[in-house]
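K.L.:
Chain U is fixed; fit chain S onto it per the hints.
Protein chains: 2
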Amino acid sequence: MEQQQLYKKIANIVENQIKNGSLTYGDRLPSVRSAQKLYNVSLNTAKSAYMELESRSLIESRPKSGFFVSLAGQRRMSIPSISTFKIDEKKQDPAALIDKVFHSLEDKEITRFSLGLPSPSLLPIQKLNKCILETVHELHDYGDQYGQVQGSPTLRKEIAKWSLVLEGKISDEDLIITSGAMNAIYSCLRAVTKPGYTIAVESPLYFGFIQAFQVLGLKTIEIPTHPITGIELDALKKVIHKIDVCCFVSNFSNPLGALMPDEHKKELVKLLAFHHIPLIEDDLYGNIYFGSSRPKPCKYFDEEGLVMWCGSVTKVLAPSFRIGWVEPGQYKDKILKQRLIQTISQPAIYQEAVAKFLQIGRYDHHLNTFRKKLYSNYINFRNSIEAHFPENTKMSQPEGGFVLWLEMDPKIDSTVLYDYALKQKLSFAPGRMFTQHDQFKNCIRLNYAVDWNEKTANDLMRLGRFFKAVI
Amino acid sequence: MEQQQLYKKIANIVENQIKNGSLTYGDRLPSVRSAQKLYNVSLNTAKSAYMELESRSLIESRPKSGFFVSLAGQRRMSIPSISTFKIDEKKQDPAALIDKVFHSLEDKEITRFSLGLPSPSLLPIQKLNKCILETVHELHDYGDQYGQVQGSPTLRKEIAKWSLVLEGKISDEDLIITSGAMNAIYSCLRAVTKPGYTIAVESPLYFGFIQAFQVLGLKTIEIPTHPITGIELDALKKVIHKIDVCCFVSNFSNPLGALMPDEHKKELVKLLAFHHIPLIEDDLYGNIYFGSSRPKPCKYFDEEGLVMWCGSVTKVLAPSFRIGWVEPGQYKDKILKQRLIQTISQPAIYQEAVAKFLQIGRYDHHLNTFRKKLYSNYINFRNSIEAHFPENTKMSQPEGGFVLWLEMDPKIDSTVLYDYALKQKLSFAPGRMFTQHDQFKNCIRLNYAVDWNEKTANDLMRLGRFFKAVI
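Read top to bottom, the protein sequences are chains U and S. Residue 1 is where the first sequence starts when you use the UniProt record's numbering, and the numbers rise one by one after that. Residue 1 is where the second sequence starts when you use the UniProt record's numbering, and the numbers rise one by one after that.
So here's chain U without its partners, still in its complex pose (with noise of 0.2 Å):
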């Protein structure tokens, strides 16, 4: 244990000496031997601390030279503007673009860089099947009675005892088990809306709610948003006499990755309060954090239950699954009312099965494995698109989720280009698409939740070319 921590600790002194640029790229490290005699330890915790670098893609061994500072550990790309108000322009909702990216994505031989959703290589599929199977075999009678309209007892547990970062402040008779997290979003907003309610959300936002706020007939107000912390909390307040309700991904925000800072989360929280506003706090990335631990919810600051906290196993285990949840603060009458005019109760195989991967300790083994796989593919995504991507292509700096948002010449229309790249099996999903009003069309969501191998690397890299070509 305490060697393991040793080397961890040399390798974050080495990780600081690269980010504040001490150490830059192509900088050659010092030998094995002489950062055991630098560090005082012995030679294996020196060896352990460069691969823990390697592993980090923040070096790279040349064969017969030493250790030298990758490309990777160097921030060189600038990050994406922030946006602004479009309040005052004309309002057109991407669903026709939406319905294109998601109609193309049927040919398997497409690279689907435009997916929302992790590779199935990615997901313990194997250990699923296995709960679901012993579920099956467990459960007598999961036929023949609807179950509780609040969903599984089990696996409300089950969450309860997983949502560490709330320290206890939430318990399985708070939670509601709904289908996925886009229920639990959709029952939220059924439950604190009506036709012609003003909603805030950041700007760019996941489609999925651009397409649920026009169908629930929701006015819609997009939030100045930084690519790095979120809400603009300056501009909501400048707004926040018109807004109803608000409806934020706090933790690793869809499409940007952004992470809102505690304090900010705190503030938000007490603005939200004192105008007696609700928060649907859709926290679905949350556990997908590369730092070293895991981000707090806006929930966990919120004292009025002003704060509907949603999560989900779809991006981390089983999309298909469709297991939700709400921590629904002061509104858990008016959703449970609502999940149960919507479908009386949910089917028990999915949630016993969910319940009983956590409850076996596989969850934490699998997010484990599954962090480090994803902070791997971001650092090869980074260093791809900074060799191949136009020079002034801007780029998102997410500390968790798995998706990049370039912003690139201002003469780059994504939409347009979606199609040509597509006669090329490349896919994107264009930077329209996360919007109501006309703009982010220079932009791109790129998913780095893929296995990356040689035919990947050279897509993605063929995709910069594209890019390159086009200016």
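Accuracy of the hints is not assured; some may be wrong.
Unchecked claim - Distance condition first, Cα-Cα at most 27 Å in a straight line; then the derived DSS-like pairs of lysine-lysine: (1) U:334 / S:19; (2) U:100 / S:334; (3) U:194 / S:219; (4) S:337 / U:100; (5) S:334 / U:219; (6) U:337 / S:91; (7) U:157 / S:100; (8) S:37 / U:332; (9) S:130 / U:337; (10) U:90 / S:219; (11) U:91 / S:334; (12) U:425 / U:455; (13) S:37 / S:47; (14) U:90 / U:332; (15) S:337 / U:219; (16) S:337 / U:90; (17) S:19 / S:373; (18) S:100 / U:127; (19) S:130 / S:219; (20) S:337 / U:194.
Just so you know, the hints here were simulated from the structure itself, not pulled from any lab data. Small disclaimer: the values here were computed from a predicted structure and weren't measured.
P.N.:
Below, chain S without anything else, positioned relative to chain U:
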């Protein structure tokens, strides 16, 4: 085969004699040997015919005396009254009563005549379990992708195939899979209504609808409904100018068990087409008929695509599977949009397991057994109610489904009596649950999809005596 038909023919002849009154309660039938000669058949055939009549509860054997016409063959009780318009009367949704009835059912010692689901013992749980297991073994990638918004293509094909009653008028392309019939109805309502719209419904009606309409902000007009033939078309015509949408259970409505005759359905569809009013048709009991053939839904007569035909496996296979569907007529796109924003897609296992159950022909076999059992239960209930309930009790005459509607002495208040019956471990559904107005307090709904055994028989008798004692 030939012999089987023969004994049924004879049984039918005798049944007709009983029904038209040429044989009445207590009449002695010819001995088996006499019947053999009378009908010029084998001794076995004559025996089988009498056994068939016994299984229909039309005759009973008395030891050493022979066979006699039983009480069941006689129509003694009159049918409940036709409901009347209460448009101008104050509305009060029975939410508290519904809640109470649901919560009190948690005590497993209570005989739950109040329940709206068949007893597990009447459902093919074991066979469905097998289908689930086979499905889990066969599906390899069921966790890693969203399914189609419209639902599993395999299941849609099977449902289209099994919708024989529509004579090929629908295809798998038309159907949308939902989370049970309730979700089908909900999605239809969301697709064609806005808060403030007025919806025409039966009276009494399924309390789940009352809850849904209330939450969705719809105004409900309860249309006078005949216990045998359903919605009174003349009454509907009187208020048709106020109606935005209709929601009817045309086959074996709940709780009345009414079955609209074909001519009524035809006229209804024509009327609604003339006024461009959509009809949400909940046909979830249609396959549980006691007559010679499956009654047609209104959908069959629909040429404009105004009828949204909803169904599910909830009442005949497995309540908790939450598998339903809708043939959405001209509203397909709108309903798909609703499904998408509700939950994106539905999990695979239950859909594929039900598809498998339909595919291998177990559905037909199960329905045959289930129908026979229900019919026999119905006769047993009728006999017991005639024998043990107050003299002036009126009783519905369902030709399918599994609920009975009793109208009792006006002095009876079933809402109040519910609590007293509960203390005797008996439950029924108070009539007040099935309306938004102050009516049906002297009515109750009983579920006869139960195990008919000594205990049930005794409990039903106790319930009858309970009401008798009150009067």
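K.L.:
Regarding the pair residue 130 of chain S and residue 219 of chain S, is the alpha-carbon distance no greater than 27 Å?
P.N.:
violated, 45 Å
K.L.:
Could you grab the alpha-carbon distance between residue 157 of chain U and residue 100 of chain S and see if it respects the 27 Å cut-off?
P.N.:
holds, 26 Å
K.L.:
Need the status of pair residue 130 of chain S, residue 337 of chain U: alpha-carbon distance at most 27 Å?
P.N.:
The hint is violated at about 34 Å.
K.L.:
Check whether the Cα positions of residue 337 of chain S and residue 90 of chain U lie no farther apart than 27 Å.
P.N.:
holds, 23 Å
K.L.:
Next pair to validate is residue 37 of chain S with residue 47 of chain S; report whether the Cα-Cα distance is within 27 Å.
P.N.:
Given that 27 Å is the threshold and the Cα spacing comes to 12 Å, the pair holds.
K.L.:
Given the hinted pair residue 37 of chain S and residue 332 of chain U, is their alpha-carbon gap at most 27 Å?
P.N.:
Outside the cut-off at roughly 72 Å; violated.
K.L.:
For the pair we were handed, residue 337 of chain S and residue 194 of chain U, check the Cα-Cα distance against 27 Å.
P.N.:
With Cα atoms ~18 Å apart, residue 337 of chain S and residue 194 of chain U stay inside 27 Å; holds.
K.L.:
Compare the distance between the alpha carbons of residue 100 of chain U and residue 334 of chain S with 27 Å, and conclude whether the hinted pair is satisfied.
P.N.:
The hint holds at about 18 Å.
K.L.:
Take a quick look at whether residue 337 of chain S and residue 219 of chain U sit within 27 Å of each other, Cα to Cα.
P.N.:
holds, 18 Å
K.L.:
Has the given pair, residue 19 of chain S with residue 373 of chain S, been kept, meaning a C-alpha gap of at most 27 Å?
P.N.:
Status holds; Cα separation ~21 Å.
K.L.:
Tell me if the straight-line CA distance from residue 425 of chain U to residue 455 of chain U falls inside 27 Å.
P.N.:
holds, 12 Å
K.L.:
Sort out whether residue 219 of chain S lies within 27 Å of residue 90 of chain U, counting only the CA atoms.
P.N.:
violated, 35 Å
Checked against the numbered hints given earlier, this structure breaks hints 1, 8, 9, 10, 14, 18, 19; the rest are met.
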